[in-house]
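Number of protein chains: 2
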Amino acid sequence: MKFNQKWLAGIYDSDKGEAPELFAASVPGNVQKDYADYKGIDIMFSDNVEALEAVEDVFWIYKTKLEFEAESGDYVFFVAEGIDYIFDIFLDGKKLHSQEGMYTKVELDITEKAKPGSELSVLIHPHPKRPGYHETPRQEADQSCKPPVSYEWDWNPRLLISGIWKPAYIETRKRGYISSCEPFYTLDSALKNAEVRFETVCDEKVVYTLFDPDGNVVYIGESPEFTVNKVKLWWCSGQGDPNLYKWAAESSSDKKEGFIGFRTIRMLCNPGTGGDPAGYPMSRYAAPVTIELNGRRIFAKGSNWVNPELYFGVITEERYEELIKAAVEANMNIFRLWGGAGIQKDEFYEICDRLGIMVWQEFMLACNNYVANPHYMAVLEREATSIIIHLRRHPSLVLWCGGNELFNSWSGMDDQSHALRLLNKLCYELDYDRPFFPTSPLTGMAHGGYTFYDRNTGKDVFGVFQNRRNTAYTEFGVPSAAGVNELKKIIPENELFPITKTKSWEKHHGFSAWGYDTWLCLETDRKLFGEPESLEQFVDRSQRMQAAGYKEIFEETRRQWPGCSMSINWCWCEPWITAANNSLVCYPMVLKPAYYAVKDSLRPVAASARVPKFDWSEGELFSCELWLLNDSNEPVSDTIRASLIIGGCEYELGEWKTGKAEPRTNIKGSALEFKMPKIEKTGFMTLKLITEKPGRSSEYELLCRA
Amino acid sequence: MKFNQKWLAGIYDSDKGEAPELFAASVPGNVQKDYADYKGIDIMFSDNVEALEAVEDVFWIYKTKLEFEAESGDYVFFVAEGIDYIFDIFLDGKKLHSQEGMYTKVELDITEKAKPGSELSVLIHPHPKRPGYHETPRQEADQSCKPPVSYEWDWNPRLLISGIWKPAYIETRKRGYISSCEPFYTLDSALKNAEVRFETVCDEKVVYTLFDPDGNVVYIGESPEFTVNKVKLWWCSGQGDPNLYKWAAESSSDKKEGFIGFRTIRMLCNPGTGGDPAGYPMSRYAAPVTIELNGRRIFAKGSNWVNPELYFGVITEERYEELIKAAVEANMNIFRLWGGAGIQKDEFYEICDRLGIMVWQEFMLACNNYVANPHYMAVLEREATSIIIHLRRHPSLVLWCGGNELFNSWSGMDDQSHALRLLNKLCYELDYDRPFFPTSPLTGMAHGGYTFYDRNTGKDVFGVFQNRRNTAYTEFGVPSAAGVNELKKIIPENELFPITKTKSWEKHHGFSAWGYDTWLCLETDRKLFGEPESLEQFVDRSQRMQAAGYKEIFEETRRQWPGCSMSINWCWCEPWITAANNSLVCYPMVLKPAYYAVKDSLRPVAASARVPKFDWSEGELFSCELWLLNDSNEPVSDTIRASLIIGGCEYELGEWKTGKAEPRTNIKGSALEFKMPKIEKTGFMTLKLITEKPGRSSEYELLCRA
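Going line by line, the protein sequences match chains A and B. Residue numbering for the first sequence follows the working numbering, beginning at 1 and increasing consecutively. Residue numbering for the second sequence follows the working numbering, beginning at 1 and increasing consecutively.
Keep in mind the hints are simulated off the structure, nothing from the lab. Think of the CB as a built atom: it goes at the ideal place given N, C-alpha and C, for glycine as much as any other residue. Among the hints, a few may not be true.
Unchecked claim - Some chain B residues well away from chain A (every beta-carbon gap over 12 Å; in silico):
hint, residue
1, Asp37
2, Asp57
3, Lys105
4, Ile220
5, Gly238
6, Ala248
7, Ala372
8, Thr500
9, Glu634
10, Ala671
As the list claims (entries may be wrong) - DEER-style ranges, computed between Cβ atoms:
hint, chain 1, residue 1, chain 2, residue 2, range
11, A, Glu18, B, Thr209, 34 to 40 Å
12, A, Asn216, B, Lys105, 42 to 48 Å
13, A, Tyr75, B, Lys95, 48 to 54 Å
To be verified - Away from chain B, derived, C-beta distances all over 12 Å, residues of chain A:
hint, residue
14, Ala36
15, Leu191
16, Gly215
17, Thr457
Whenever a hint applies, use it, and build me the whole structure from the sequences.
Below, the structure written as structure tokens:
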């Protein structure tokens, strides 16, 4: 039996040994949110979030007078599923436990020590920060197992949160309490039959029940090992149903439940990237980055997940569900859980299991050199162990990864880094069958760019991606401004237009985030279209550019299949309203125009045009190559008709009968050419591809320049 | 007290349960050698080695009537330090032990079971061979932890050996026996003082003594932990002295001894290979492959070690010593112990410690896909654990590596391969501070070519290597014929000249080894110089070509420092007399002309000429670039005068005052040009670089074409 508690929190004066001012605290939640609510601070607006920097380095205390009922013989436990980040737990003033690490569950037997009315308190220490000089705030996180993003990123404000971020409660336990219960399985080579084996810790016999995806009982009995015949496999979205078998383990006093998704997962080398070059010397090949799910090579298409709330502790199942559902509806099949964001709450993975979204989970390392000091290594080992054991049951989880961009120059880690060797070792020991990457990108893979026009070379995304042959594009972005409604929520009215570099715009990453106006692209907009006449016009142009850029990259990377096997943009959502960002979903749940463009580009079967560049002028010979993209597991064929619409006139470009595209195979078709007519005014033109069969037509906005 | 035994061996008839014919067996040794000696087979000559294929798949048995003296209270052990490869041990007909794996020591307590005169026998099972189709014999080794080279390589005949390859004896042990004793140490960051800690298993107190490299006692006492101040570091050859501290651990009845070499080792990224490219997307960097010894970046120059005997069990300390000493004299500082050859006997590592040769040790995986079947993984785990614990005490050992060319297409393993993840994990757990490579080559590194003219592109080694920018060249070769004296030992007299494809030449790899005449290069020789007039003339030209090729590659790779940090040719020695091979040392200990050329090229300080190609014709504009190579830890300068000697005439090319080359830094100097004069006859010309200071002058043989 679980008893939730009422909590108060406050700033703890460690000199005096007390918290002079207490306020109501939400558990799960973050104490900084409770404090801001108590003080009436709306961190979303303007530069208000800075108000919390004043209390960044304090101790916080949570207190509760315990409320629970225990029968004679019951064991009484205090359970906290996650406390962020360094903390002590006291019962009636006596220290019971100290810990560093937010991912390792706390379970304290307080049977003899606690009674209703006892005071339990949790003292949260200040955030760890590497002392000394560092170029960026995130470097303060380089010996910490907290999500580094809270230390500040170029789309996330500085906001170091902490507190009881997962459920915490008093639990009474009787004989028959099931301390742990986890199913494992082995599929035969034909993927037909599964040997299931439960590992259970309980002081009495347990009855196991397994239900198939239709709810029929396929096993009931006391044996923890049994065979399931003719299993329905778990598939990612677009390849089949995400079949789940519900299980229950029941003792006289307890019941645990969960799901099994039967599937196999491997990481294979990409065809065409492993061939021997002519002549010596020879180096090694690109790392294997093609997901093989149930023996089938899958093109992974999706997005980088970042925390959808600054106050991560308050996130709910509903928030997860709306965000993940939108990705399924956008024809995505994977989220990369970028290391900067750490690990999500349990509901995230449960929803991914249920909806068929594959999860690439990184450990909480990003863009730093995590040097292997003994204290850091001990915390990392304990936290990673907890994470692996906690998450390995999820069929959606297809890949462990050490963290983000650790082998790049701004991080400086490498294959010999002990932290990454430790993570590889732990994954091997605790989760043998799941692949492990030390970091992303690996050899052959690529991250970036993050702008429509490359910051170094000036090339547009069409030129950049059509000239690359990477095995996986696991980060790339095109920014846009937030919608007008969203901007009004964060920027004071008098600063909205004309847009200038005010503190509100800066705080929300419109300026001074990774360069002058990299995300807002004011200068680029001016160069292409001239001075915007209104905020509405600027936002419209910005969002259409983002849509055009993302459409090109997602389709080009699909066209490079099977040499390229992953296309995962930066990023999906955002933790608060940014003035401008690469996200497809504006906080909290506003779908940008680019979302719909990407949704179209990721349809299992779609007509696609390979246009060599974005920007076309009068008199130029416009050209494009037609493709039929097919990620589905069926053969398809179609007839595609192409036309260009410029200033209200439609010009026919030609038609292509595709012939048969084999399952999960694209085909390249006709190259079309057309002399650009006179252009009255610089603006967008539209390339239309109309298919004979429904649901496969495509439209592209390109620039026509007067 | 150890008691060596007299052994007999024979082929064991498993149907009858007996060995009808026994012969004297050497322990340590290989039973196939004993058998060949008994039968009078000289495997070196012609194709005689094939005679042993007839007994390849038999069971062999070793037998001995035990001879030892034990006092009352003594424990009696049978110890075998290594038995190759699957075996059972019987005492008076009763099975005591079964094992697969030649690197895990056997220690059997036979106190109650054995008495002098008891019969101890070791039954060796046939070699494991993967059944089914395979393209090459070596693929039979893909589930075996034997050195794969015995299954046949293109310079090693098929000769599957087995037997008691390391010492085996009866050992009587008293109270005070030291079962294990191993020193560990931690150096402070200034590399001045070391904390030493012994881990010892003994049932009584032990007294430890440590002597400095001059033989002075620096510690004596019962505490297994103590500090050594002002340590003299262990350095590789060319960088300092390979200082060793001798230790002894003594109990009432036993004494163990060994050496500590204090040093730190890391693997760093190569400068110039980690820079960010302009523009996105960005992939990862080259793997770190610069050895940092005691905080100093080292250019690793050396050779690939292969087993210097086909009958590996008979190799002696003297054989190791002469081979390793010759490498030190050739200015080398590293051996790569190629995975195909497995692990050497203890004496090898002891000599490397003593002479300052760094050791890159691979596990026994090469050019196969070692699939993670449970039986193979269990044997690999046990064997690798034994190897790591046995070898980690050696300061010369600077790198563990999973095996050879496992990430190349002909192998098909990759970062996800469980066998390599297991090895990484074991090295991490058992030998935390020593770097680990999953295989060679890694990203950025290169293997090959193995011929003077590239087999695919026809380019000479000058063109190939001057146009590569790899981080490490850890295999490259230029072949030559064996010397005339050696050829006479393996080829029947009537087949010696003119050279034709007879079975003797083929068996010794002159023909049909990796192509028609890839190692012998008869066709290339004919094309360059015309039909050879005698065996002597052919051998002379072949060996001079090898010398010229190796000289160019070693110096070019040195010139690429610090972008390139390793230059390790294929290969050092050979297991028998090959008719032609890339080795620098012909079996057993004949130094080829290329040996002396390489020795010159690897001098710590040397004048070097970068000549764009090998082959020059009359009237052409000859050009070369002068360099001063400096691997030493001192600044150097010199004046270099260059001349070209063609047909007896010496032509002055110019002079360069080098200026100062910083420690471990090369400098590039003048580019010189010269119009080639009339050439009477195609042959060698000599480019001479004369330095002002002694010992740095260089000579190059190049082709001048009439």
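Here is what the structure says about each hint:
Asp37/B, annotated as away from the interface, keeps every beta carbon of chain A farther than 12 Å; the closest lies near 41 Å. With a least beta-carbon separation of about 30 Å from chain A, Asp57/B lies farther than 12 Å from that chain, consistent with its non-interface assignment. Taking the minimum C-beta to C-beta distance to chain A, about 25 Å, the non-interface status of Lys105/B holds against the 12 Å cut. The Cβ of Ile220/B sits about 31 Å from the closest Cβ of chain A, beyond the 12 Å cut-off, so the non-interface label holds.
Look at Gly238/B: its CB is around 24 Å from the nearest CB on chain A, clear of 12 Å, so calling it non-interface holds up. Distance to chain A confirms Ala248/B as a non-interface residue, since its nearest Cβ pair spans about 31 Å, more than 12 Å. The beta carbon of Ala372/B sits about 9 Å from the closest Cβ of chain A, which is not more than 12 Å, so the claim that it is off the interface is violated. Remark: the non-interface label on Thr500/B is consistent with the geometry, its nearest Cβ contact in chain A lying 29 Å away (cut-off 12 Å).
Annotated as non-interface, Glu634/B keeps its C-beta farther than 12 Å from every C-beta of chain A; the closest such distance is 29 Å. No Cβ of chain A approaches the Cβ of Ala671/B within 12 Å, the least distance being about 26 Å, so the stated non-interface status holds. For the hinted restraint 34 to 40 Å between Glu18/A and Thr209/B, the CB-CB distance of approximately 59 Å leaves it violated. At roughly 56 Å, the beta carbons of Asn216/A and Lys105/B sit outside the given window of 42 to 48 Å.
Between Tyr75/A and Lys95/B, the C-beta spacing of about 51 Å keeps the proposed range 48 to 54 Å intact. Every CB of chain B lies more than 12 Å from the CB of Ala36/A, the least distance being 37 Å, so the non-interface label holds. For Leu191/A, the non-interface assignment is confirmed: its Cβ lies about 18 Å from the closest Cβ of chain B, beyond the 12 Å cut-off. Under the 12 Å C-beta cut-off, the non-interface status given to Gly215/A relative to chain B holds; the minimum distance is some 36 Å.
With a least CB separation of 4 Å from chain B, Thr457/A falls inside the 12 Å interface cut-off, contrary to its annotation.
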